[in-house]
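Per full-length UniProt numbering, the sequence shown starts with residue 1, numbered consecutively.
To be clear, the hints were calculated from the coordinates, so they are not data collected in a lab.
Any given hint could be a false lead.
[As the list claims (entries may be wrong)] Computed cross-link-like contacts, DSS-like style, restricted to lysine-lysine with a CA-CA straight-line distance of at most 30 Å:
id	residue 1	residue 2
1	K34	K5
2	K15	K34
3	K15	K5
[To be verified] Estimated spans, in silico, between C-beta atoms of each pair:
id	residue 1	residue 2	range
4	V7	A30	34 to 44 Å
5	E37	K13	34 to 44 Å
6	T11	E37	34 to 44 Å
7	W33	S3	11 to 21 Å
8	E37	N14	30 to 40 Å
Here a beta-carbon is modelled for each residue, glycine too, at the ideal position from N, C-alpha and C.
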Amino acid sequence: GFSDKYVFQGTIKNKYRQIGNAVPPPLAYALGWKLKEV
1 GFSDKYVFQG TIKNKYRQIG NAVPPPLAYA LGWKLKEV
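Input sequences plus hints: build the corresponding full structure.
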C-alpha cells in the first residue's frame with residue numbers, strides 16, 4: 001500500500017478518487033522491474 005508518510009492532495013472527493021484509481025506502489029514497482037526484463 002501507500003507509505004504512512006504519503007500525502008494525498010485535493011478535496012476529500014479527489015482523495016477517494018486517487019485511492020480508487022491507484023495502482024499500489026509495490027505492484028507498480030514489481031511491474032516496472034518485469035517490463036525492464038523484457
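Right, here's what the structure says about each hint:
With a C-alpha separation of about 27 Å, the suggested pair K34 and K5 falls inside the 30 Å cut-off, and the hint holds. A distance of roughly 29 Å separates the Cα atoms of K15 and K34; the hinted pair therefore holds under the 30 Å criterion. Taking the CA atoms of K15 and K5, the gap is near 15 Å; set against the 30 Å cutoff, the hint holds. Taking 34 to 44 Å as the suggested C-beta distance range, the pair V7 and A30 does not conform, at roughly 24 Å.
A hinted range of 34 to 44 Å holds for the C-beta pair E37 and K13, which are about 38 Å apart. Restraint check, T11 to E37: a C-beta distance of roughly 39 Å satisfies the suggested window 34 to 44 Å. Range check, W33 to S3: Cβ separation about 19 Å, and the 11 to 21 Å hint holds. At roughly 35 Å, the beta carbons of E37 and N14 sit within the given window of 30 to 40 Å.
Of the hints listed earlier, the one the structure fails to meet is number 4.
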